[in-house]
Amino acid sequence: MSALPEPDAWQAAAARHNELFAALEPGARIGLVAREAPATMLLWEVGDAGIEVRDAPFPGFAASGADIVLAANAQALGEICSAVDAQLFVVLRAGIRSGAVVCYVLRRRCDLEAKGFEELLDALGFAFMGACR
Amino acid sequence: MKPGELKLPYLFQPGQFGRFKIKNRIKYGACCVSNYNTRDGFITEREIARMRIIARTGCGMITNQGAYPDPLGEGKAYFRQVAIFDDKFLPQFERIAADIKEQGAMAIQQILHAGRYGGIDLGYCIQPSDVPQTLPHFRPPKVMTKDEIRDCIRQHAEAADRAIRAGFDGTEITSFMGYLLANFNSRFTNQRSDEYGGSIENRGRFMRELIDGIKQATPDNPLVVRLNGAELMDKWGGNSEDECFELMRQAADAGVDMISVTVGWQEAPESSIGRDIPPGYWNYLSERAKKTCPNTLITFGNRLPDPRMADQCLRDGVFDFWEVCRPLLADPDLIHKAAEDRLDEARRCIGSLNCLSRLFRDLPYTCTMNPALGHEVEPEYQVTPAAVRKKVMIIGAGPAGMECAITAARRGHDVTVFDKAGRVGGNLYAYAMNDLARPDDLLSVISHYEVVAKRLGIEIRLNTEVHAKFMRSVLHQYDVCVVAAGARIDRVPFENMEGAEFMVDALDVAHGRITAGKRVVVIGGGKIGLTVAEALRKNQGAEVTVVEKDKRIAGDVKPSFKWRHASWVEELGIPCLTLSQPVKVTKEGVTVRDGKGVETFLPADTVILAAASKPAHELFHEFEWMVDELHGIGDALIPRGLEQAIQEGFRLGVRL
Numbered sequence: 001m002s003a004l005p006e007p008d009a010w011q012a013a014a015a016r017h018n019e020l021f022a023a024l025e026p027g028a029r030i031g032l033v034a035r036e037a038p039a040t041m042l043l044w045e046v047g048d049a050g051i052e053v054r055d056a057p058f059p060g061f062a063a064s065g066a067d068i069v070l071a072a073n074a075q076a077l078g079e080i081c082s083a084v085d086a087q088l089f090v091v092l093r094a095g096i097r098s099g100a101v102v103c104y105v106l107r108r109r110c111d112l113e114a115k116g117f118e119e120l121l122d123a124l125g126f127a128f129m130g131a132c133r
Numbered sequence: 001m002k003p004g005e006l007k008l009p010y011l012f013q014p015g016q017f018g019r020f021k022i023k024n025r026i027k028y029g030a031c032c033v034s035n036y037n038t039r040d041g042f043i044t045e046r047e048i049a050r051m052r053i054i055a056r057t058g059c060g061m062i063t064n065q066g067a068y069p070d071p072l073g074e075g076k077a078y079f080r081q082v083a084i085f086d087d088k089f090l091p092q093f094e095r096i097a098a099d100i101k102e103q104g105a106m107a108i109q110q111i112l113h114a115g116r117y118g119g120i121d122l123g124y125c126i127q128p129s130d131v132p133q134t135l136p137h138f139r140p141p142k143v144m145t146k147d148e149i150r151d152c153i154r155q156h157a158e159a160a161d162r163a164i165r166a167g168f169d170g171t172e173i174t175s176f177m178g179y180l181l182a183n184f185n186s187r188f189t190n191q192r193s194d195e196y197g198g199s200i201e202n203r204g205r206f207m208r209e210l211i212d213g214i215k216q217a218t219p220d221n222p223l224v225v226r227l228n229g230a231e232l233m234d235k236w237g238g239n240s241e242d243e244c245f246e247l248m249r250q251a252a253d254a255g256v257d258m259i260s261v262t263v264g265w266q267e268a269p270e271s272s273i274g275r276d277i278p279p280g281y282w283n284y285l286s287e288r289a290k291k292t293c294p295n296t297l298i299t300f301g302n303r304l305p306d307p308r309m310a311d312q313c314l315r316d317g318v319f320d321f322w323e324v325c326r327p328l329l330a331d332p333d334l335i336h337k338a339a340e341d342r343l344d345e346a347r348r349c350i351g352s353l354n355c356l357s358r359l360f361r362d363l364p365y366t367c368t369m370n371p372a373l374g375h376e377v378e379p380e381y382q383v384t385p386a387a388v389r390k391k392v393m394i395i396g397a398g399p400a401g402m403e404c405a406i407t408a409a410r411r412g413h414d415v416t417v418f419d420k421a422g423r424v425g426g427n428l429y430a431y432a433m434n435d436l437a438r439p440d441d442l443l444s445v446i447s448h449y450e451v452v453a454k455r456l457g458i459e460i461r462l463n464t465e466v467h468a469k470f471m472r473s474v475l476h477q478y479d480v481c482v483v484a485a486g487a488r489i490d491r492v493p494f495e496n497m498e499g500a501e502f503m504v505d506a507l508d509v510a511h512g513r514i515t516a517g518k519r520v521v522v523i524g525g526g527k528i529g530l531t532v533a534e535a536l537r538k539n540q541g542a543e544v545t546v547v548e549k550d551k552r553i554a555g556d557v558k559p560s561f562k563w564r565h566a567s568w569v570e571e572l573g574i575p576c577l578t579l580s581q582p583v584k585v586t587k588e589g590v591t592v593r594d595g596k597g598v599e600t601f602l603p604a605d606t607v608i609l610a611a612a613s614k615p616a617h618e619l620f621h622e623f624e625w626m627v628d629e630l631h632g633i634g635d636a637l638i639p640r641g642l643e644q645a646i647q648e649g650f651r652l653g654v655r656l
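From first to last, the protein sequence lines are chains A and B. Once you know that position 47 of the first sequence is 47 in my numbering, the rest is easy, because the numbers rise by one and skip nothing. Once you know that position 157 of the second sequence is 157 in my numbering, the rest is easy, because the numbers rise by one and skip nothing.
Computed list of chain B residues with no C-beta within reach of chain A, every gap over 12 Å: (1) R46; (2) G104; (3) I164; (4) P279; (5) D306; (6) M309; (7) P364; (8) A421; (9) D440; (10) K454; (11) I514; (12) K527; (13) D605.
Examples of chain B residues toward chain A, derived with CB under 8 Å: (14) D130; (15) P132; (16) Q133; (17) T134; (18) H137; (19) P140; (20) K235; (21) W236; (22) S567.
Keep in mind that the hints were calculated from the coordinates and are not lab data. No residue lacks a Cβ here, since even glycine has one placed at the ideal position from N, Cα and C.
Please put together the full structure from these sequences, using the hints given.
The following block contains the structure:
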């Protein structure tokens, strides 16, 4: 089974892309899971002191409390781990576009935008996604 | 027989569907919901007027758009979708069914439960399992209980019975494109552990029970099921093509009378019906369906817009009926033109997906190519003989000018079109020549105008620039002047920038009037800039950088095509510097300043200006006292796109 990135590296990645997280409301959560047999979720969570990172058991989508869950296949997880110190969002966006990463949205667009997700959605390529192509 | 019927004998040969004789092998497919109806599901006069046109397309079988079958609206996918959960809706269905049958066609009613894409008025959608959305447009999921599954099947059966009582000959259920039926069939959305999930046999159970329920409710009437030949969701854990065909076999064994083969889900990460997919690309799926289900009729039409291709497919046994929708939205006379051997006059569906882009903004659908679509009920949109025959001069042979010209000529006006260029098409021609998707589709718009203008006797004077001196030479010869001279790149904002004179105009490059070098910077990441940048990169191998002052590129691109440009830019390796503007241009390159004030020098042998366009409307002021009626249309008023150019040309043409 592929490993999720190290929490410290995940924390550093968020700090490096502060412009994407700066507008997020406290309580906003973005999860990363392995698509095959997801047991653990790596979370970016906005707390009072900014972005916090933690591992948590993955209880299923509905109970995860996340706003967005990125579910990556084994190969994509490897690429994410390799890119975590550099072009992380380029790799995530490419993974979503190619189908290697499924980006599940657990809130409607208006709710996500109200919570400050616009920049992050943009970085994940959502401005360019649409139905019926 | 008509001449075109002799040329396309397979398309125009009669067929049989259940106990119904079909006059030809053409099925109008309910590919789109119009959004013309009331918020509570009643069919409007606008819809009925549209269906009068569809009933007269000449198709042997006509499918009325999908109606949701449940009173809660869990199956409702679109803002103004029709409902069929109660007899109170039937009077309007009766009118549509009667009209279709009066034209000699078989009438089918589609029942559409949108499942994962439904519940548009609710805070949730229903699904077999808890699989969240991948597009934030849709609602969070609620898992169906077994009781709810049984209720849902009953509602479908009652809806089918209602449709037959309204006068329809048959019914249709649909999984296209990712609706409830597809949600049960697919491994992606069906992760149940009961008898409705797990194995493919179990996942297909809902479909088989649905087919059985409807067949029991309407035993004398045929049933069509629309099923994916490819979901294009397999990368996300959805069904493989093999599984899709296994489900087709299950449907056939369950007694469905016809299978409509479709492609893709709305959220699929791959393109299925857009302009970048070549016509005929998906035919192999239909061929496989014929082999998989040899005793069940197969209908197909995804990205198969041409009657000649359809005739060949019928000849080759690819399918039994050609299913066609969008090409008939673009040109409701397509089948008649095919029958009369006048296909060169047809308006081709160019796959811009304007129809679907609007549906996902909760707007009624329109068509880039057919400005009358959705306005059939309004007399103001009818092409009627002119009360006074006028001499009309039109300046500009682009889409706005040509649309106005042919509409005015059809009304009996005497029309002359002037253009300073040597060809018809205006900037559409330049766009087509640089388009990486399908230039042929865009060029078909131009050839349509050329053919129709010739048949209508419109005089086209090319290489003729109209200015004040020219106008004085033709003073009093014309009653009407229409300025359709388009737009050009606006250089004014850069007038005071050092080295502005070194920037070349993107339209000059696109038209081939200027040849760009091997190292290029394009100022402007909108439609024009991206199109030129992509073409230079792909076709000429140039090193290209795009500089865009806004936060994102493709701001003026249709929602259904933004993703395409974003993909091309990444695939071709074109860097896009957003929130950046040029501050100085030299022969060696351009200096740009980003949002933080940091300046960077980008070496370039060609700097192309593709910034905002400016309407070419100076002629309005010059001609104001020279002609009785003076009008402006298209980009000459406000620079926008092909759809607006065609719409405005038509709207002026019908009222001159």
